[in-house]
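Sequences listed follow chains R and V, in order. According to our numbering, the first sequence is numbered sequentially starting from 1. According to our numbering, the second sequence is numbered sequentially starting from 1.
In case anyone wonders, no lab produced these hints; they're calculated from the structure. Bear in mind the structure is a predicted one, so any value in this text is a computation, not a measurement. The C-beta atom is built at its ideal place from N, Cα and C for all residues, glycine as well. There's no promise every hint is true.
Between beta-carbon pairs, the in silico distance windows are [stated by the list, open to error]:
id	chain 1	residue 1	chain 2	residue 2	range
1	R	56	V	83	42 to 50 Å
2	V	93	R	98	45 to 53 Å
3	V	121	R	251	35 to 43 Å
Think about it this way: if two alpha-carbon atoms lie no more than 20 Å apart in a straight line, the pair counts; the simulated EDC-like pairs of lysine to aspartate or glutamate are [as the list claims (entries may be wrong)]:
id	chain 1	residue 1	chain 2	residue 2
4	R	245	V	97
5	R	296	R	335
6	R	12	R	335
7	R	245	V	84
8	R	245	V	113
9	R	127	R	178
10	R	245	V	99
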Amino acid sequence: MSSHREAPEISKDPVADSTDVYAFVSPDQPNTVTLIANYIPLQEPAGGPNFYEFGDDVRYDINIDNNGDGKADITYSFKFETQLRDPDTFLYNTGPILSLDSKNWNRRQFYTVSLISGGVESVLASKLACPPCNIGPLSTGNYATLADEAVHHLPGGTTVFAGQRAEGFYVDLGSIFDLGNLRPFENLHNKFGMHLFNKPEPGVNGANRLNVHSIAIQVPISQVVAPGSGGSPVIGVWTTANRQKVRVWDSEAGENQNFGPFRQVSRLGNPLFNEVLVPLGKKDLWNSLPPSKDKKFASYVTNPGLAGLLNVLYPGVFPNLAALVASGAARADLEAILLTGIPAGIISSTFTTFTGPVLSDMLRLNTSIPPASSPNILGLLGGDVAGFPNGRRVFDDVVTIELRAIAGVTYPLVMPSYTPDGAASLVTDGLTPDSVKAPYLDTFPYLGVAYDGFHNPA
Amino acid sequence: MTGNDQAEGRPEGSGAPDEQGQPRVSRRSLLGAAGIGAAGIAAGAFGGLAAAGPALATTKREPAKQEPARNEEHHEAAQPAAREPVVVHVRDPRTGELDVYSGTSHTRVHDPDLAARLTRTIG
């Protein structure tokens, strides 16, 4: 998954487990950027009686670096509060929920959003309502309207939403973690000597019909880029979840008590960075650090383990990649894509996501590049400069893009004499946005309406 | 918006951070917490502090390294006393290193005698 359950410790703490980050120039409001951080992975829609919700004891941050040092210059911080109308019923709702203030809705959640900038923390809004989870036709029959009610427009041109959405990330989870057995290429897999898989098969979206909890904010570009005429239009974005250091189970009160300062327990910038590149023994450490500390992880980017595995799993399919790996050459292409941004002159004279020499995993977005009129889900690999790794849109096929990059298709950007294997530009887990049942939206918050628990799983 | 970097994304608070930027739970607040019979784990831990005055008189506070300042760490550490439950983690009874938590504050204390007293309370 992009970052779902990607590290041993955070996989046991779903409400603090970031799953995806998106950052893009809003296609319908091109003077704004939309930033989305998803949490609580792999939600079965039929999640009653205690439906999914944000953690009241977690502080969720969306961070922006606008001067290239891998440290936050701007942070949008979200704190949640759950309210229970009637503690004497076991029900989430006692009748249809027709509005966000419905008396039938027993367990509601609200949040405060704050802006931290220039050393000053200011509350932008509080008591903002989340929507309920999508329960089913009797409880939340007009769910799209309920979700729309939870889109809040704040002074200064900021729009926010926090609540359940349809999972927009698509990935053949079952095949990838069955020893990298990509279904479209399973006949080429070494199969460990087993006589299986004689022909290619289409991918299966392991995240289909599942929900996530999204924190989405849309802000004017002028509020997030570096100030002044000399400021770069490129921003680096990542999300963090933070918990207090000490948790004590108070058996008399029947609840946890938390003490001490908040400390980071989850981080996500580029998709799959921690999941695929950072080794298992360091994933939770990585989750606790800011991007500015990523130099210590740089070798996992410049010499990714997956590049070596591809040739082992698919014998003879990636001979040029195998030679590249054997040479020990550092993958400066991956370093640029993931850790510094792509300097001008590599793709074109004007295209850049470069933020400077500080090695830091951030989702970099050049806010001066307008949305594509005909987006390509392969982003930059598909010739679409408005897509990943220039930010990330909700429909971008980041699994295929990163598979192909690691397979060597982007290495000629820094080593023109290198010829990628033919398979490098074909490798995929076999999915597209059509693998997501709930359609993406054309307007904020862009991720599809959450699946309901009555009809899903189908 | 500015390009000024924040300490871990948070502003400095109005409390009294030490030279490492770590807010302090002062000795006075620690004693105060003991005096008001702080609840939960602290009630047990600091129940014995009422008799630990002489030991605390020699308590040496040390900054909790690598813990940058955040706003929420400070305001609960304000004088005179934390009127909230206090949690103490005896990190190492042999060296007397203790972590003291209250609200969103944390401080590290070096006091072998206090650590020994606390350790004895749990047999």
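Structure-based check of all given hints:
1. R:56 - V:83: 42 to 50 Å: violated (22 Å)
2. V:93 - R:98: 45 to 53 Å: With a Cβ separation near 59 Å, residue 93 of chain V and residue 98 of chain R fall outside 45 to 53 Å, so the hint is violated.
3. V:121 - R:251: 35 to 43 Å: Between residue 121 of chain V and residue 251 of chain R, where Cβ atoms are some 19 Å apart, the hint is violated.
4. R:245 - V:97: holds (17 Å)
5. R:296 - R:335: holds (13 Å)
6. R:12 - R:335: violated (30 Å)
7. R:245 - V:84: Holds, at about 16 Å.
8. R:245 - V:113: violated (25 Å)
9. R:127 - R:178: Outside the cut-off at roughly 45 Å; violated.
10. R:245 - V:99: Given that 20 Å is the threshold and the Cα spacing comes to 11 Å, the pair holds.
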